[in-house]
Amino acid sequence: MASLKERGTDAAVGLFNWVESRLGLIKPIVAGATHPTPSNNASWWYVFGSAATVLLMLQVVTGVLLALVYSPSANEAWSSLNFLNHNVALGWYLRAIHGWGSDFMIAIVLIHMVQVFLFGAFKFPRELTWIIGVLLLLLTLGMAFTGQVMRFDQDAYWGLGIGASIASRVPLIGAPLVHLILGGPTIGGATLSRFFTLHVFVIPGILLGSAGIHIWLTLFHGVSDWPMPGRLVNKATYVKEYHELAETTGIPFVPDAAWKDAVFAAAIILAVMATAFFFGPFGPGGPPDPTIIQTAPKPDFAFLWIYAVLAFLPPSIETPIMLVVPVLGIVAMLLLPLLNGEGERHWARRPIAVLMVSVIAVSLGVFTRLGTYTPWSPIMNAWTSDPVPPKYLHGRSALEREGAIVLQNKQCRNCHSLDGAGGQRGPALDDIASRLTEDQIIRQVLQGGGNMPAYGNALNPSETKALTQFLETLRGHDLAPAVDASRGLTRTSNLTVPSAPEAK
Amino acid sequence: MPEFLKHPGESSNDSLSPEGKAAAHSRRTFLFKLSLLLNGVVGTVLAVPLVGYLLGPATKKSSTVGAWVGLGPAGSFPVGATTLVDFTSPVTSLSDGETGKVACWVRRISAQQFQVFAINCAHLGCPVRWFSESKLFMCPCHGGAYYEDGSRASGPPERGLFEYKYRIDGDSLMIHAGDMPTLATQASCTEKSKPLVQIEPAGTHAPITRSNPWQA
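Note that the protein sequences, when read in sequence, are chains A and B.
For what it's worth, our numbering labels the leading residue of the first sequence as 1, then goes sequentially.
For what it's worth, our numbering labels the leading residue of the second sequence as 1, then goes sequentially.
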């Protein structure tokens with residue numbers, strides 16, 4: 001029996017030697033995988049990069065499978081997605097995994113980046129690793145945007161329109177740039193084709209190549225050691241110190257450190273599968289028919305914050321900010337390791353870094369939250385659905401009630417809320433009379449101002465009178481009406497001549 | 001030459017004298033450089049059609065794009081009303097499907113006077129909707145608002161709505177359409193009278209040029 005076992009082992013070794021002597025890759029890969037890494041970085045904090053790689057693989061596999069059915073043609077794409085959802089066995093689930101996988105990938109890439117930033121792992125000698133990492137982030141976001149276009153529905157159509165409108169603001173080459181992006185004068189078949197090419201060939205090619213270099217650099221320089229307060233990075237000594245650390249405390253990366261990566265990657269894949277199962281695929285929404293204008297286009301989750309920022313920029317500086325700030329931000333990220341490649345790595349000794357991460361994270365969170373309910377947008381159907389609440393009609397005169405009808409008919413609640421229902425573009429009107437006098441209300445309604453359009457052309461004098469009278473009754477919980485401080489001075493009959501000598 | 005590429009006995013100049021090696025080396029180096037130059041030239045020549053193909057859509061002049069399209073008999077638009085009209089883009093091709101359709105807002109001011117607005121908001125191109133009672137166009141994306149004559153009322157847009165050139169051909173209302181209207185590719189392609197950017201100076205909220213009934 002032993003001889004049989006020996007023969008089996010011999011055959012396996014022989015096969016391995018035959019392959020390896022011709023391939024020459026197995027031994028270097030094994031050596032790379034088992035290289036000694038400082039034991040202090042075998043941490044749960046170091047699992048995000050490998051998880052991002054695993055998610056990229058998931059996206060490639062599910063993307064290839066979706067491409068078996070998807071038709072990248074403007075007049076078939078939307079139907080082919082519905083076909084995938086409803087007629088192809090498990091097509092909905094593949095779409096869901098691909099869609100949720102994209103959201104997870106962006107999240108993990110961002111977490112990975114924050115971890116590397118806070119741990120100071122971008123410093124010497126890993127500057128180029130960070131720079132390629134920034135490129136990988138941009139490519140990931142590029143995949144997300146072009147992927148949103150693949151879901152060729154209303155949001156994708158108008159999202160392309162927003163992209164083209166931003167491009168049209170570039171000075172001098174705006175028009176050619178729009179045509180280059182759209183592949184023609186309008187959004188259409190050529191547009192979808194070129195975004196398909198970007199999403200399926202160009203960006204994934206660059207992404208996979210860059211990720212390969214990124215991983216090679218991690219092997220080449222070793223996984224960064226755990227930062228310690230006071231242990232400074234010095235270009236003259238760091239490499240020597242790192243190698244000493246790896247020799248004295250080193251453990252083989254595979255399996256002693258990599259098992260945590262493997263466990264986390266499995267958990268993430270399971271999380272993607274679960275969210276995909278419970279929440280299903282994204283859309284497609286309405287068909288990409290630009291004559292259906294009853295739509296409120298919105299970008300995917302990762303771009304909601306940009307959508308929100310674009311609502312708040314003042315018109316006069318919007319174009320410069322739109323075109324310049326992203327460039328500055330990217331350049332700053334690229335230059336970071338070159339300008340700050342030495343010194344302290346530990347977050348406790350880098351308060352500005354911690355502050356930057358906090359401010360950026362809170363800002364992104366706030367703008368994303370705002371993007372989910374768009375308080376700056378008029379509620380397009382508020383006037384048809386919500387009559388003025390009855391409690392605002394009790395004890396009102398006929399003229400005031402007429403004003404309430406004017407308020408509803410003139411669609412004031414597209415932008416103003418009453419009793420919590422209506423738009424948030426303008427202030428709530430529940431206590432308007434405690435803040436504005438009658439004259440101020442008339443002026444504001446007829447001439448507009450601030451963010452309010454002028455209604456002088458849309459209201460006749462009797463409508464204006466009724467509306468103002470109604471608004472004058474809205475004083476919240478019986479707050480005092482607003483008064484014009486100078487009004488008393490105009491009642492000359494009540495004025496008494498101040499007796500000057502007595503006052504002295 | 002790197003160590004790992006050197007196979008003993010394979011190199012024919014191992015036996016040569018240093019001078020001979022130098023001579024061979026210099027000629028091979030020269031030929032190699034020549035081959036690089038050759039590839040550079042071929043690459044440049046190849047790049048011309050490749051880049052030209054890639055930039056094809058961008059090199060078309062905006063003013064040559066588009067054509068006149070009919071929106072239907074002028075009599076079908078009531079005077080004083082603003083109505084949504086669909087038409088098929090004159091620049092659409094077979095593969096465009098539904099995206100070849102276009103919508104526009106037609107405002108009939110008087111029997112012979114029209115205004116035809118693009119539905120695309122001048123801010124970022126979302127479809128604006130007309131609210132006849134408040135006499136405003138409103139945008140669902142970032143809250144841009146326009147008056148009935150298309151001028152900017154409030155919100156982030158820098159200017160009024162894009163307008164198509166129109167003409168009455170017999171009984172038919174015709175507009176000139178082509179490019180998707182953006183700040184760089186405006187709907188009425190050749191109209192020079194409208195500046196690209198009309199930012200109101202800060203502080204003057206009320207549009208000065210409008211004839212408002214309450215202004216004396």
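Misleading hints may appear alongside valid ones.
Said to hold, decoys possible - No more than 25 Å apart at the CA atoms, straight line, and that leaves these computed lysine to aspartate or glutamate pairs for DMTMM-like: (1) A:Lys391 - A:Glu438; (2) A:Lys27 - A:Glu76; (3) B:Lys60 - B:Glu19; (4) A:Lys391 - A:Glu344; (5) A:Lys260 - A:Glu244; (6) A:Lys235 - A:Glu344; (7) A:Lys465 - B:Glu133; (8) A:Lys391 - A:Glu402; (9) A:Lys465 - A:Glu438; (10) B:Lys165 - A:Glu438; (11) B:Lys101 - A:Glu76; (12) B:Lys101 - A:Glu438.
Hints were generated in silico from the structure; no laboratory data involved.
Hint check results:
1. For the hint linking A:Lys391 to A:Glu438, the alpha-carbon distance of about 21 Å falls within 25 Å, and the restraint holds.
2. The suggested pairing of A:Lys27 with A:Glu76 is violated, with an alpha-carbon distance near 49 Å, which exceeds 25 Å.
3. Among the hinted pairs, B:Lys60 with B:Glu19 is inconsistent with the structure: their alpha-carbon atoms are about 60 Å apart, more than 25 Å.
4. Pair hint A:Lys391 plus A:Glu344 does not hold up; C-alpha atoms about 64 Å apart against a cutoff of 25 Å.
5. The straight-line distance between the Cα atoms of A:Lys260 and A:Glu244 is roughly 24 Å, inside the 25 Å bound, and the hint therefore holds.
6. A threshold of 25 Å between alpha carbons decides the hint, and for A:Lys235 with A:Glu344 the separation of about 12 Å falls inside it, so the pair holds.
7. As the CA atoms of A:Lys465 and B:Glu133 are separated by approximately 17 Å, the hinted pair is consistent with the 25 Å bound.
8. About 15 Å separates the Cα atoms of A:Lys391 and A:Glu402, which keeps this hinted pair within 25 Å; it holds.
9. For the proposed pair A:Lys465 and A:Glu438, the alpha carbon gap of about 10 Å is at most 25 Å, so the pair holds.
10. At most 25 Å may separate the alpha-carbon atoms for a hinted pair to count; B:Lys165 and A:Glu438 exceed this at roughly 43 Å.
11. Distance hint between B:Lys101 and A:Glu76 is fulfilled; the C-alpha atoms sit about 15 Å from each other, no more than 25 Å.
12. Restraint check: the Cα-Cα separation between B:Lys101 and A:Glu438 comes to about 48 Å, which exceeds 25 Å; the hinted pair is violated.
Checked against the numbered hints above, the structure breaks hints 2, 3, 4, 10 and 12 and satisfies the rest.
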